[in-house]
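Spelled out from the first residue to the last, the chains are:
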Amino acid sequence: MKLLKLVPEGTNVDFMRWRNVALLLSTLLTVASISYTIYRGLNLGIDFVGGEVVRVEFAQPVHIDDLRSRVGRMGVGEAGITTLGNDRTYQIRLAKPPGPETASNVMVSKLRVAIPQQYAGAKVDAGESVSGKVSEELADNSALAVALAMLGIAVYIWFRFEWQFGVGALLTLAHDISMTLGFFAFTRLPVDLNVVAAFLTILGYSLNDTVVIYDRIREDLRKYRKMAILPLINLSLNETLARTVVTSVTVLIALGILMAIGPQVIFGLAIAIFLGVLIGTYSSIYISAPVLVWLGVKPDSFLRTDDKDSAQPEAA
Amino acid sequence: MLEFPRWKVWLIGLVIAAGMILSIPSLIAGTPLGSRWPGWMPQYKISLGLDLAGGSHLLLEADSADAQKQRLQAMEDSVATELRRDPRIDIGDISTNGGRLSFMVRDPTKVDAAVDRMRNLTKPLALTGNRDWDVQVVDSTRIVLTPTASGTAQAMKDAMSVARDVVRRRIDPSGTKEITVVTEGGNRVLVEVPGVEDPEALKKLIGQTARLEFKLLDLSANPADVQAGHAPPGSEVVPMASGGGAIAVKRRVMVSGDQISKAVQSFDENGRPDIVVTFDSAGARRFGRTTQENVGKPFAIILDGKVLSYPTIESPILGGVASITGNFTVESAHDLAVSLASGKLPVKLNVIEERTVSAELGQDSIHKGVVASVVSVIAVIIFMLVTYGRFGVYATIALIVNAFLILGIMAMFNATLTLPGIAGFILTIGAAVDANVLINERIREEIRRGRRLIDAVETGYHEAFRAIFDANVTHVISASIMAYFGSGPVRGFAVVLLIGVVTSVFTAVYFTRMLVALWIRRSRPRELHI
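Residue numbers (this note's numbering), protein chains in the order written: chain A, 2 to 317; chain B, 122 to 651.
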C-alpha cells in the first residue's frame, strides 16, 4: 500500500525569502485587528458584562422584529434578542440594570409575566444571571489567566532555549491573540467563558508548533555550525514541514467535524480553535522563525560558555 | 530500543488495564449494562457537569454588612451576659452605633473590673497576635469595643464554613443528593444542584436566614412612640411580618433558634399550618424558666427581624415543645421548618449568579457531542492509517488507550465532565496525535538519511521526544494557570487538558514504543514501510 505523503520528499520551500512581505502583512493585520477590536468592541456574553439571559419557546412562529418591538414596550430596559436556530426559540438578553442586585430579578419576573400574556403558549425558561461584580471578576481573572499563561510559557522557552526564542514565542502569541480577538470583533460571535478556554488552547497549540520548529532550529544550529542563519532556518522549517502539515490537517479534520455536527453550545469554542490552528501554523513559520534572525541568533548561541572560550582562539 | 524488559511491558499493560477498568462504570452508566457491572469492581464514576446533565447553579455571596451587624449583636448579648455575672458592675445602656459597642460604667472604680471581663470575651487570633476585638476606655468611664479587621475576616471565614453546611442541609436534608456546595473565595458559596430546573425553590430555601428568637413584649412602651420607631431603653422596635405596624420587645432573647433540635410542619387546632419546634435540653430549660416567670405576659416570636406572632403565655411551657403560628401556607411552613431544623445562616446570602440548564438541552448536547467526537476520532484514525500504515495502527491503538486512560483518571478523581471538558478532551487527542506525527515523521527522515531500521526508529523516538516534552510542558503551564485562575467552564477544560497531557505522553511515546519494539523483536522486518 502506498502511504499518503502530504509533503513530498525533498520539498524545499524558501520560506525566509518572503519573510519581509509576511512581516508587513502580519503587522498590518495585527494593527487592523487591534484597532477594529477597540473600535467595534467584542460581543461580550453575560459572563463578562453581567445581566440576565432567558430562553423563550413560542407555540407559534414569531418574527424577530415583532418580538423586539413588544419586548421593547415591556419596560425591561435594553434587550438583545437573538434567534436560536429557528423562529420559535429566541434568547433574550437583558442588560444589568443599575441599582441593587435584585433589580435584574425584577426585570426577568416582568418578562416571565408579560411574554405569555402577549404570546399564548410561550414558555420562558429559567435562564442565567450574572451580577456585575461577578462578571467584572470573571473578565479580570480571564485576562490575568491569559497574561500569566503567556508569561509563564515565554519564561519556560527562555529557560529551555535562549532569550531570543522566548521573545519570539511571546511575539507569536501576541500576534495570535490579536488576530483571534479581531476575528471575534468582526464576526460578532459572543465571547463567553468557553471562548477563553479556546484562547488558551490557541496559545497552547501555537506554542506547540513554535516549540517544534524551535527545537529543530536548536538542533540544526548545533549540527551545522558554519551555516548562515537564513538557510539554516529554511532547512529547519522544511524538515519539520511534513509534521506541521500532517498535524494541522489532523486537528482541522477533528475540529471541522465538531463544528459541523457538534452541539451548538461549543460552536464558538470550536471555531476559535479552528481559526487559531490556522493562525498558529502561519505564525510559527512567519513570526517565530524570522524573529530569531532579527534578534541575531548565532550558531554559537547553544554552546556552553567554556566551549565558547575554547572556540575563540581558533577564530582569532 | 529492542530491550523492553518484561517488567516494563507488564507495568504498561497494568496501567492500561487499570485505566480501562476505571473508565467502564462511567461509560455504561445509564445503560442496561450499568446494573450488571460486578459490585466488587471499582465503582468510580465521572459526574456530568450541569451543562450536560441539566440543573441549577447558584453563586451566593455573604452580605458583609449583615455579617457585621450579626456579629455586633452576638457580642452585645455576650457583654450583657458577662456583666450580669458581677452584680457590682452597674452599666448604662449598650449602644451599637457606628459598628462599635459602647457602654458607660456607672461606678468609676469598677471600670478596670469591667475592662478585664471584656478582655476575657475577646479571643486571640492565630498567627497575627491580634485579638478579634479592641477594648478601649474612653472618657475614663466609657468602654468601647471595636471589631478588628483581622477579627472581622476570621469571623467571616468561620461564618462561611457554617453557612456552607447550613445551605447543604437545607437543600438536601437527607444528605443523599449529588449536590455541590462549596465555598469560593472568602465570602461566597457555590451551589450546584443537578436535575433541579426551577431555582426559585432553591432561592427560597437559601434566602431565609431563619434567625428565630423569642422575646418578651415591652408593655411599658408608649404605643405612639413605638409606631414612630422609638423604644424605651433595653427594648427595640420590631415590625410585624404581616406588614401592619410594629411592636416593642425587650432586647434580651428568651431563647433562640440555635437551641432548636427539631422542627416539623404541622397544623394547629384550627387546622392552619404551623411549625412545631422542639428545643434541646438547655433551650427547653431556659424556655421553661422564662415562661414560668412570665405567665400571663405576651412574648413575640421573631423570624429574621420580623414578628410572626405574639401569643400570651398561658402556662409555663416545660416540655421544650412550642408551636409557631403565623400567616403560613403549608409550603411556607414546610420551608421554614426545614430552615429552622438546619440552623440559622450565620450571615445573609445574596444570589449573585444564577444559571439553569434544562436537561433536554443537556441531553441533546451530550448526544451531539458524543456523535461528533466519535466521527472525528474515526476520521482522524483513517487519516493516520493512510499516512503511516502500520505506525498509524499503533498511533490509533495509543489514541484509544489514551481516551480510556483520561476517562479512568477522571473517574478516579470523581472529576466533572463539562462541555468545555469535552473540547479539552478532543484537544488532548490532537496533542497525542501530534506526538505520534512528530515521531513518525522523524523516523521517515532518519530512514531517508540512510539509517538502518532499528537505528532510525530509535533515533526517531529519541529526537522527537525533546520537542514533545517541551511542547507538553507549555500545555501544562497554560493548563495549570487556567485551572488555578479560571472559573467554572475554564477550569473544567483545564483539568481534562492536564490529565490528557500526562496520559498522551504515556500512550503516544512509551506505549507506542513498546508496540514497535515488540513488533520488531517478533518479526524482524528488513525494511520499514512508513
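Think of the hints as simulated: they come from the structure by calculation, not from any bench.
Values in this document were obtained by computation on a predicted structure and should not be read as measured data.
Treat each hint with caution, since some may be false.
With a straight-line cut-off of 20 Å between C-alpha atoms, the simulated PhoX-like cross-links for lysine-lysine are [unchecked claim]:
1) B:298 x B:190
2) A:111 x B:324
3) B:278 x B:244
4) A:111 x B:129
5) A:111 x A:227
6) B:371 x B:325
Sample of chain A residues facing chain B (criterion: CB under 10 Å; computed from the structure) [unchecked claim]:
7) 50
8) 60
9) 61
10) 66
11) 67
12) 71
13) 121
14) 123
15) 130
16) 149
17) 170
18) 210
19) 251
20) 256
21) 257
Derived, one-sided and incomplete: chain A residues facing chain B with beta-carbon distance under 10 Å [to be verified]:
22) 10
23) 11
24) 14
25) 69
26) 156
27) 214
28) 259
29) 278
Positions of the beta carbon are idealized from the N, C-alpha and C atoms, including for glycine.
Hint-by-hint comparison with the structure:
| no. | hint | in the structure |
| --- | --- | --- |
| 1 | B:298 x B:190 | violated, 34 Å |
| 2 | A:111 x B:324 | holds, 18 Å |
| 3 | B:278 x B:244 | holds, 15 Å |
| 4 | A:111 x B:129 | violated, 66 Å |
| 5 | A:111 x A:227 | violated, 76 Å |
| 6 | B:371 x B:325 | violated, 30 Å |
| 7 | 50 | violated, 13 Å |
| 8 | 60 | violated, 17 Å |
| 9 | 61 | violated, 20 Å |
| 10 | 66 | violated, 26 Å |
| 11 | 67 | violated, 25 Å |
| 12 | 71 | violated, 24 Å |
| 13 | 121 | violated, 21 Å |
| 14 | 123 | violated, 15 Å |
| 15 | 130 | holds, 4 Å |
| 16 | 149 | holds, 5 Å |
| 17 | 170 | holds, 9 Å |
| 18 | 210 | holds, 8 Å |
| 19 | 251 | holds, 5 Å |
| 20 | 256 | holds, 8 Å |
| 21 | 257 | holds, 8 Å |
| 22 | 10 | holds, 7 Å |
| 23 | 11 | holds, 9 Å |
| 24 | 14 | violated, 16 Å |
| 25 | 69 | violated, 24 Å |
| 26 | 156 | holds, 9 Å |
| 27 | 214 | holds, 9 Å |
| 28 | 259 | holds, 5 Å |
| 29 | 278 | holds, 9 Å |
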